[in-house]
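K.L.:
If you want the building blocks of each chain, they are given just below.
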Amino acid sequence: MLKRESSGSRARPEPSEPGRRVGLVAEREASIRQRLIARDEQALVELVELATPWLLSVAQAMLQDRDEAEEVVMHTFRIVWENITPDAGGTAGLMPYLLRVARHRAIDRLRGQRRRERKVAAAALEWGLQSIAPVEPDEAGHPGWQVHAQVHAAFEALPAEQRTAVQLAYFEGFTQSEIAARLGIPLGTVKTRQRLAFARLRTALSGLKDWVL
Amino acid sequence: MKAHDWFVEHRVEYATRILDGDDIATFEAHLVNCEDCRREVSRIETELAWLPMSLPPATPRPGLRRHIIQHVLEDSRTTGRRWLLPAAAVAASILLALGGWAAGRQRAQALENEVTALQARTAALEDTLSVMRRGRILQTSVAVGGRRGGLVIFADETTHRWSVVVHGLPPAPPGTGYQFWFICADGMVRGSAILAGAGGSTMFTTGMPETGGAVLGAALTMEPLGAATGPPRGKELAHLML
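Keeping their order, the protein sequence lines are chains A and B.
Residue numbering for the first sequence follows this note's numbering, beginning at 1 and increasing consecutively.
Residue numbering for the second sequence follows this note's numbering, beginning at 1001 and increasing consecutively.
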């Protein structure tokens, strides 16, 4: 997880005509949303094409199980297909809405199946921020890479101890008590690190509105 | 009973779902009656909405996308059928119990839902039509398995969007799928997968790809299901140049 050493170490696709692209982004999202509401199956195809790699990444990181992660992704699209509304996702947009649904479903699954205990026991034997590494695909083939680069840079800019506290909780689903036990630090310290980290991230990410949809 | 300060202090933890399970339930009960916390949680969720994209994308297993699409659509249709009879029975009971007043009210609600769906469909169609009206038309025939269909592109050079119509194609053979491509200056860039073979035409509206340089044309291929990324590997069925 979060394997890349730095956000600037890889070649990035050049943004083509940024001003034009931003306009198209909003138009395309509105178009997909309207067509989903109108039950246009091709809109679902487009959404699945674009969003699956990102949703799968989140679900896999949390569940550490590819089959379960795929089920979560499938369930996410089913929820969106059956419940999409004109204001789903609020001002953040369609893609953040999908990410949130997928992450919440993954958390439900983690907690509902009591996988937590097994995971903690396994992790105790093999300490380290190890997880199933999402396969890094051809960048050019994945719309959204530029958003990923910005978010990843914001995350990497956090002090290491704050980054670890957020990573274990947000991306791997550990509770604050479990993190405190695992890192051997007081619970209050975990909370403080997470709050500081999230405050920084809120500031860094609040202006990020662009996406490929 | 927790003081309001506790909820204020834990808004971020709730919004990011890193609270323990019991505390989540407590927080959700509090949210029902606290407009301030609801508004603030919503704001935090929006601000951190992109955080999951800190992770690099994962490559889906071959065929996963098609499996998801088929599963979602089939499940949706099945659910609709499964609930049809019980829903009708419940509706009938309600109508009997409450009489004409309830019937009128229910009818009004149903009509309202229909209007909402129709408005959404109309907006989608208007969007597509706007592209078609302004678009330059490119078309070619496509022959697959003895059937002759076509690929039509309405290329709107004002908004840089295309409405693409694929018609008359039979279902793709098992293990394959139809795939739309942009022919770009730097090579082929994958567009949308095509759901075809349901008996009618398939239409979608798409923007231009962000990568690959200038768009020179488009192509339609039949790809093996495992080829979710990378250049075309399957048979080219049609291509159009601008």
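Treat the hints as calculated values from the structure; they're not laboratory data.
There may be inaccurate statements among the hints.
[To be verified] A few chain A residues that don't get close to chain B, going by computed Cβ distances all over 10 Å:
#: 1; residue: Thr52
#: 2; residue: Ala61
#: 3; residue: Arg182
[Claimed, not checked] Derived Cβ-Cβ restraints for the label pairs, each shown as a range:
#: 4; chain 1: B; residue 1: Ala1143; chain 2: A; residue 2: Glu82; range: 57 to 65 Å
#: 5; chain 1: A; residue 1: Thr189; chain 2: B; residue 2: Pro1171; range: 54 to 62 Å
#: 6; chain 1: A; residue 1: Asn83; chain 2: B; residue 2: Thr1158; range: 28 to 36 Å
#: 7; chain 1: B; residue 1: Leu1129; chain 2: A; residue 2: Asn83; range: 24 to 32 Å
In this text, a Cβ means the ideal position worked out from N, Cα and C, and glycines have one as well.
K.L.:
Take the hints in turn and mark each one as holding or not.
P.N.:
Structure-based check of all given hints:
1. Thr52: violated (5 Å)
2. Ala61: violated (6 Å)
3. Arg182: holds (14 Å)
4. B:Ala1143 - A:Glu82: 57 to 65 Å: violated (37 Å)
5. A:Thr189 - B:Pro1171: 54 to 62 Å: Hint holds: Cβ distance 59 Å, inside 54 to 62 Å.
6. A:Asn83 - B:Thr1158: 28 to 36 Å: Distance hint for Asn83 (chain A), Thr1158 (chain B) holds at roughly 34 Å.
7. B:Leu1129 - A:Asn83: 24 to 32 Å: Since Leu1129 (chain B) and Asn83 (chain A) have Cβ atoms about 27 Å apart, the given range 24 to 32 Å holds.
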